[in-house]
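Number of protein chains: 2
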Amino acid sequence: MKKMASKAPAPVIRRLSNYHHLLLGLKHRQVQSISSTTLAEMLEYKPVQVRKDLQLTGLVGKPRTGFQVAEVEESIRRFLGWSLDSQAVLFGAGNLGSALLNHPWREEYGLRFIAAFESSEARANILINNIPVFASSYFPTFAKEHQVDIGVIAVPAEAAQDVADVLVANGIRGIWNFSPTHVKTPLGATVEDALFARSLAILTRRLVESRNDVEHPEP
Amino acid sequence: MKKMASKAPAPVIRRLSNYHHLLLGLKHRQVQSISSTTLAEMLEYKPVQVRKDLQLTGLVGKPRTGFQVAEVEESIRRFLGWSLDSQAVLFGAGNLGSALLNHPWREEYGLRFIAAFESSEARANILINNIPVFASSYFPTFAKEHQVDIGVIAVPAEAAQDVADVLVANGIRGIWNFSPTHVKTPLGATVEDALFARSLAILTRRLVESRNDVEHPEP
Chain A
2 MKKMASKAPA PVIRRLSNYH HLLLGLKHRQ VQSISSTTLA EMLEYKPVQV
52 RKDLQLTGLV GKPRTGFQVA EVEESIRRFL GWSLDSQAVL FGAGNLGSAL
102 LNHPWREEYG LRFIAAFESS EARANILINN IPVFASSYFP TFAKEHQVDI
152 GVIAVPAEAA QDVADVLVAN GIRGIWNFSP THVKTPLGAT VEDALFARSL
202 AILTRRLVES RNDVEHPEP
Chain B
2 MKKMASKAPA PVIRRLSNYH HLLLGLKHRQ VQSISSTTLA EMLEYKPVQV
52 RKDLQLTGLV GKPRTGFQVA EVEESIRRFL GWSLDSQAVL FGAGNLGSAL
102 LNHPWREEYG LRFIAAFESS EARANILINN IPVFASSYFP TFAKEHQVDI
152 GVIAVPAEAA QDVADVLVAN GIRGIWNFSP THVKTPLGAT VEDALFARSL
202 AILTRRLVES RNDVEHPEP
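Quick mapping for you: the protein sequence lines, in order, are chains A and B. Taken in order, the first sequence gives residues 2 to 220; the numbers are from the working numbering. Taken in order, the second sequence gives residues 2 to 220; the numbers are from the working numbering.
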């Protein structure tokens, strides 16, 4: 258990989630095994880095046959906490919030929304994807009666800090922030911004490169 | 121009988008300058890697004063193609699609939605955030008459491949996929999956670590 508790560096975790996404695609296409070299090529990492990252999750590949796709996927999922059942609540049941409540998180990421909270009376007291949407004022009571691992912020930017404060005040230590702003929390809480822009960066940079290729072709 | 056209490795682009996000936060908090060492610490990278990454965008820090936050932010933005005006269309004007159309992409990422397309007649022929939503069947005509750099997929998983095929058939080379599935495209098109799970990984792993800390405290 000592090994499981050691703090993994953030860059390793980000790479592991990239491997995981790729492996899900391979699983989907019924690919059975893959070498660390191929994984490295697909993501533009160095093979030695891929092997080191996978070793951290407890995997050792065989020199000739590589890794079993299903086994690696499972090992990364366990390492990332996606094989546990995490209970989440969501604040803000607008378009983005509704989309998040409807997303299939549970199967692949072990994330289960148990309730949503909404400051607008008109959008409270309904069900979205079978998840109850309550008035925000009910949250402190709810938090006392339920295990809440993660609070998801999907309110407009100007309301995000207030929601973060409420989450922290009610003992929620994991915050996943989808609002396009930064929130501050005291030590002990973890905030992760769900950055759409991270994948946009690859796309727009590749477009810059291809435009320049066309305008200034290599000799 | 030769330098701008060279292909940046994907891991460098991902790191640059992480620096950029952090710098936006610093700018917001009126922080004027930052050292590569501090940037490295905040993201758990090695300082030498941060310096190398920033150099690729054309920046050189001064040993004592570090970098000007605004200057670095601008330099990364230019490198990632976010200072250009990119024109995008979106397929699927449901909850997620509506949230994306309402998101403030333009100011920080240079991304401008010029139209959305929807297979459901009931959701077509409306405006969302002043962006026209057309019936999907109109897209081939629209694509001939407008410059479309990026096609965003926000339809349900089962419809995503069809939309990708339509985008490619109409000459769109950049695809940003928000549907929870994989789409295949021919060579020459770039597909990026907008992976919400990438930031979830950090959050859930930190929760695993803190749970184990509590259950198995260090001696």
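Hints were generated in silico from the structure; no laboratory data involved. Don't take every hint at face value.
Where chains are identical, the list cannot tell them apart; a pair therefore holds if satisfied intra-copy or between any two copies.
Unchecked claim - Derived lysine-lysine pairs resembling PhoX-like cross-links, with alpha carbons at most 20 Å apart: (1) Lys63 to Lys185; (2) Lys8 to Lys47; (3) Lys145 to Lys28; (4) Lys53 to Lys8; (5) Lys63 to Lys8; (6) Lys185 to Lys28; (7) Lys28 to Lys53; (8) Lys28 to Lys8.
Small disclaimer: the values here were computed from a predicted structure and weren't measured.
Hints versus structure:
1. For a Cα distance limit of 20 Å, the shortest separation of lysine 63 from lysine 185 qualifies neither inside one copy, at 45 Å, nor across copies, at 30 Å.
2. Taking CA atoms no more than 20 Å apart as the test, lysine 8 paired with lysine 47 passes between copies only; the shortest distance there is 17 Å, against 23 Å inside one copy.
3. In this assembly of identical chains, lysine 145 and lysine 28 lie within 20 Å of each other by CA distance neither inside one copy nor across copies; the values are 40 Å within and 37 Å between.
4. Within a single copy, lysine 53 and lysine 8 get their C-alpha atoms as close as 15 Å, which meets the 20 Å cut-off; across copies the closest is 26 Å, which misses it.
5. Proximity of lysine 63 to lysine 8 under the C-alpha cut-off of 20 Å is found in neither arrangement, the shortest distances being 27 Å within a copy and 32 Å between copies.
6. In the homo-oligomer, the alpha carbons of lysine 185 and lysine 28 lie at most 20 Å apart only across protomers (15 Å), although the nearest pairing inside one protomer, at 39 Å, exceeds that limit.
7. Proximity of lysine 28 and lysine 53 under a CA criterion of 20 Å is satisfied in neither setting, with 22 Å inside one chain copy and 36 Å between copies.
8. Neither within a single protomer nor between protomers do lysine 28 and lysine 8 lie at most 20 Å apart by alpha-carbon distance, with minima of 29 Å and 29 Å respectively.
Checked against the numbered hints above, the structure breaks hints 1, 3, 5, 7, 8 and satisfies the rest.
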